[in-house]
Amino acid sequence: RRRRRKKMMQAMRRAACVVVATAVVGASGLSVAVPRSERALVAARATTSSASSTTTTWASTTTRSAEEAVGISSEWELDCFSRPVMVEGKKLWEVLVTDSTGQWREVVQLPASEINSVSVRKAIESIIETAPVKPSVIRFFRRQMVNMLSIALAAVAKSRPTLRILPSRSTHALYAWLDERETEVYPGMEGFTPTLAQPIAGRPAVFQQNAAARLPEGLRAEQFAFVTLPLSEVFPDGTISDENIGVGKLIDPAPIVKREPGDLPLPGLVLITRRPEALSMAVASLELAGARADTATRQLVLEVGLDQAYLLARLDDQQRTEAAAFEKAKADINGLHFVVVQPPDEDAEPSGFWLLREI
Numbered sequence: 142r143r144r145r146r147k148k149m150m151q152a153m154r155r156a157a158c159v160v161v162a163t164a165v166v167g168a169s170g171l172s173v174a175v176p177r178s179e180r181a182l183v184a185a186r187a188t189t190s191s192a193s194s195t196t197t198t199w200a201s202t203t204t205r206s207a208e209e210a211v212g213i214s215s216e217w218e219l220d221c222f223s224r225p226v227m228v229e230g231k232k233l234w235e236v237l238v239t240d241s242t243g244q245w246r247e248v249v250q251l252p253a254s255e256i257n258s259v260s261v262r263k264a265i266e267s268i269i270e271t272a273p274v275k276p277s278v279i280r281f282f283r284r285q286m287v288n289m290l291s292i293a294l295a296a297v298a299k300s301r302p303t304l305r306i307l308p309s310r311s312t313h314a315l316y317a318w319l320d321e322r323e324t325e326v327y328p329g330m331e332g333f334t335p336t337l338a339q340p341i342a343g344r345p346a347v348f349q350q351n352a353a354a355r356l357p358e359g360l361r362a363e364q365f366a367f368v369t370l371p372l373s374e375v376f377p378d379g380t381i382s383d384e385n386i387g388v389g390k391l392i393d394p395a396p397i398v399k400r401e402p403g404d405l406p407l408p409g410l411v412l413i414t415r416r417p418e419a420l421s422m423a424v425a426s427l428e429l430a431g432a433r434a435d436t437a438t439r440q441l442v443l444e445v446g447l448d449q450a451y452l453l454a455r456l457d458d459q460q461r462t463e464a465a466a467f468e469k470a471k472a473d474i475n476g477l478h479f480v481v482v483q484p485p486d487e488d489a490e491p492s493g494f495w496l497l498r499e500i
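So the number in the numbering used here is just where the residue sits in the sequence shown, counting from 1, plus 141.
There's no promise every hint is true.
[Stated by the list, open to error] Have a look at the derived ranges for each label pair, beta carbon to beta carbon:
hint, residue 1, residue 2, range
1, Glu266, Val228, 18 to 28 Å
2, Thr462, Thr303, 20 to 30 Å
3, Gly212, Asp457, 42 to 52 Å
4, Ser254, Asp457, 51 to 61 Å
5, Glu358, Lys232, 38 to 48 Å
6, Gly230, Val259, 21 to 31 Å
7, Gln459, Ser254, 53 to 63 Å
8, Phe333, Ala472, 23 to 33 Å
9, Ala489, Gly446, 21 to 31 Å
10, Glu358, Leu405, 31 to 41 Å
No lab work stands behind these hints, which were simulated from the structure alone. Every residue, glycine too, gets a C-beta built ideally from N, C-alpha and C.
With the hints as extra help, turn the sequences into a complete structure.
Written as structure tokens, this is what we have:
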């Protein structure tokens, strides 16, 4: 573990650079200029430039042994929505559940005439009953289904007091599975209707960009920088792993990038602070969905929860140019990017590293 951490820090230091002064927006809404005398070395390089055939509300689950369940997460991601398939003149509805690693998945088809919180609750409870690992968290992202899913999941959680229900855009394993089903599963199903297809990415009906609120005091950093790392560092043979990301979180980049990492850059945002542990814990509590730089409004925003956003900083001319490169690099790898929190000390490990995908 120490060897892996050392390799990670060496890779980060090879890409280190001096951060220019930045303007960070705090809870007061005022910009606070960081003196150039307080420049810090950062540990990264700054950028410049198969379908189920059943139609019942009960899932057909696969029994797994204890050995097979190893590695399956207790954090679940759930979607309930219509699909681009017509069954007896009505849209097919499905409940999809996956663990956050994407290793375990379940599909339940629902009759179109029984789409309500009761049938959804029964479907979820049937999945829980036979799941190899019981859920500690269930996340869902679809705004159109908030009311129904909130009611259904609240009923599910009533007999499970430790179960947390979180509306969140941090459902990356689910996005990857939906991408897969939309391209490989639904087109092969009888009754597939292309005009009903609703890709997740970029749909305002699914995601919306709300005006950014003022940054809470606990989320303030003294400095920030747009940075890049080799994309290969977050793949299995790379130096970044669950062992050295602090309280952060990784996702599987392979189904997002859909190609070998090669020399592709992975864009990111470094938050530099003298209180890295406190800031990392604050970020970890947010359901962080991504970082977005709006060059038109000159705003750097943290996207959190289901539809919240916080204004992290206002961009000057140089930062605006770097922000454009950051956004282009994200687009080149289907929205993949990272946010990392670390102290000014160049030899210190990051206290939190989040690999994210903007949808």
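Hints, verified against the model:
no.: 1; hint: Glu266 - Val228: 18 to 28 Å; verdict: 24 Å, holds
no.: 2; hint: Thr462 - Thr303: 20 to 30 Å; verdict: 48 Å, violated
no.: 3; hint: Gly212 - Asp457: 42 to 52 Å; verdict: 45 Å, holds
no.: 4; hint: Ser254 - Asp457: 51 to 61 Å; verdict: 57 Å, holds
no.: 5; hint: Glu358 - Lys232: 38 to 48 Å; verdict: 47 Å, holds
no.: 6; hint: Gly230 - Val259: 21 to 31 Å; verdict: 23 Å, holds
no.: 7; hint: Gln459 - Ser254: 53 to 63 Å; verdict: 59 Å, holds
no.: 8; hint: Phe333 - Ala472: 23 to 33 Å; verdict: 29 Å, holds
no.: 9; hint: Ala489 - Gly446: 21 to 31 Å; verdict: 29 Å, holds
no.: 10; hint: Glu358 - Leu405: 31 to 41 Å; verdict: 37 Å, holds
The structure shown violates just one earlier hint, number 2.
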